[in-house]
Amino acid sequence: MKIWTGALLAGALTALPLSAEPVEDTLILNEDITLVTRTAAPDHLSDVMDEVISGWHFRGTETRAMQADDFDNPGMIFVEQAEEVWNTVDGSEGKSCASCHEGSETMAGVRPVYPKYNEAAGEVRTLEMQINDCRENRMGAEKWKYTGGDMVNMTALLASVSRGMPVNVAIDGPAQSTWEAGKELYYTRTGQLELACSNCHEDNYGNMIRADHLSQGQINGFPVYRLKNTKLNAAHARFKGCIRDTRAETYSPGSPEFIALELYVASRGNGLSVEGPSIRN
Amino acid sequence: MERTFLAILALTASTFSGAAEEIAPTAVVYVDGSVETSLTGTAGDPAMGREIAGNKSLGNCVACHEVTDLADVPFHGEIGPMLDGAGDRWTEAELRGIVANAKIMFEDSMMPSFYKTEGFIRPGNAYTGEAADDTFGPLLTAQQIEDVVAYLATLKE
Chain A
1 MKIWTGALLA GALTALPLSA EPVEDTLILN EDITLVTRTA APDHLSDVMD EVISGWHFRG
61 TETRAMQADD FDNPGMIFVE QAEEVWNTVD GSEGKSCASC HEGSETMAGV RPVYPKYNEA
121 AGEVRTLEMQ INDCRENRMG AEKWKYTGGD MVNMTALLAS VSRGMPVNVA IDGPAQSTWE
181 AGKELYYTRT GQLELACSNC HEDNYGNMIR ADHLSQGQIN GFPVYRLKNT KLNAAHARFK
241 GCIRDTRAET YSPGSPEFIA LELYVASRGN GLSVEGPSIR N
Chain B
1 MERTFLAILA LTASTFSGAA EEIAPTAVVY VDGSVETSLT GTAGDPAMGR EIAGNKSLGN
61 CVACHEVTDL ADVPFHGEIG PMLDGAGDRW TEAELRGIVA NAKIMFEDSM MPSFYKTEGF
121 IRPGNAYTGE AADDTFGPLL TAQQIEDVVA YLATLKE
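From first to last, the protein sequence lines stand for chains A and B. Per this note's numbering, residue 1 is the first one in the first sequence, and the count goes up by one each step. Per this note's numbering, residue 1 is the first one in the second sequence, and the count goes up by one each step.
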């Protein structure tokens with residue numbers, strides 16, 4: 001039955017502390033959907049890497065197993081909470097998300113294409129921005145804090161209904177200038193340690209940095225339930241942490257810089273399955 | 001951690017009060033990536049250098065390098081080469097240059113510049129995520145650099 005068990009054990013036996021290749025394994029969700037966790041790099045990355053790999057492959061046996069079964073995935077508790085909120089009326093218009101969008105499963109296919117250019121608003125929007133736009137302008141409700149609990153839970157719900165669908169953000173047309181700005185940030189060596197995202201996640205994925213096994217820093221698994229802080233973490237919170245660790249002045253979640261960075265980082269994972277809420281340490 | 005750091009600073013200050021003037025980060029002379037002159041005029045202490053190399057809040061060299069002699073410190077990274085034998089491969093002046101600012105010896109190196117105070121993009125106040133303030137200084141003091149260099153010189157095959 002549990003198809004992954006064999007592969008997991010094989011992985012565990014060969015995983016020596018300093019031989020840190022991504023583990024060979026297949027992520028089968030609820031013994032049902034096989035997720036794409038490794039695939040050919042999108043064209044725009046072809047001169048720097050051949051393959052894009054989910055952060056799932058860089059985590060330990062138990063962490064990987066937790067994510068394969070919704071009953072073991074603590075992130076799903078927050079998805080359930082968001083499902084309740086989805087159906088709860090809030091704001092001056094007396095509406096819930098469900099009043100306009102029906103069941104949350106109608107959101108399947110939305111997560112994979114965000115951040116996305118919004119024609120009417122003339123801006124690239126993250127999922128968080130779109131949710132807050134509906135709350136403020138369609139429900140007459142208060143905006144949620146960008147990386148606050150309500151927001152991150154709702155993004156977990158929207159990710160969960162798209163699990164297994166390939167990330168596919170547009171990087172051309174009206175989104176291109178934002179994408180370019182994000183790329184610039186990705187390769188900028190910030191802080192007193194002068195480290196760019198690329199130093200760790202492009203040049204050194206698979207290597208250990210002190211006790212951490214470096215992944216490609218993909219965001220197909222966000223929001224991420226971290227065993228370290230036992231809660232869901234938004235992509236912008238992770239970006240902030242990684243930049244802080246270069247001894248730099250960070251940007252804020254929801255800032256234009258992080259919106260651009262999110263679009264660029266998402267595009268590096270085009271082709272990987274949406275995995276959120278995933279489990280990481 | 002913080003306390004160790006302060007203790008080392010205090011010790012550094014007392015060791016060479018009255019000794020030769022310290023060379024500031026902006027005044028270090030690099031020749032082909034090497035630094036000939038001691039930054040303090042006081043011989044480095046290899047025992048102290050060993051502590052700095054393994055300590056997460058000081059040099060944290062093991063974040064990126066494996067060092068057999070530091071096997072008592074858990075979790076060595078594998079970003080840079082193993083440092084065993086560094087004392088055979090490099091002269092003292094080369095080691096000083098590498099530790100003070102490795103990017104001169106190794107172009108675009110990922111290794112942080114430990115004795116540098118200028119030219120950063122969005123420098124922060126340590127690991128707070130806030131902007132740097134007027135307490136901003138190099139990652140290691142001049143004497144700490146000398147201590148690490150003295151330690152590396154002991155790493156022979």
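Worth flagging that the hints you see were computed from the coordinates, not collected in a lab. Among the clues, some could well be false.
Said to hold, decoys possible - Calculated cross-link-like contacts (lysine-lysine; reagent style DSS-like; alpha-carbon spacing at most 25 Å):
1) LYS116(A) to LYS240(A)
2) LYS183(A) to LYS103(B)
3) LYS143(A) to LYS231(A)
4) LYS228(A) to LYS103(B)
5) LYS240(A) to LYS156(B)
Against the structure, the hints come out as follows:
no.	hint	result
1	LYS116(A) to LYS240(A)	holds (21 Å)
2	LYS183(A) to LYS103(B)	holds (23 Å)
3	LYS143(A) to LYS231(A)	holds (21 Å)
4	LYS228(A) to LYS103(B)	violated (34 Å)
5	LYS240(A) to LYS156(B)	violated (41 Å)
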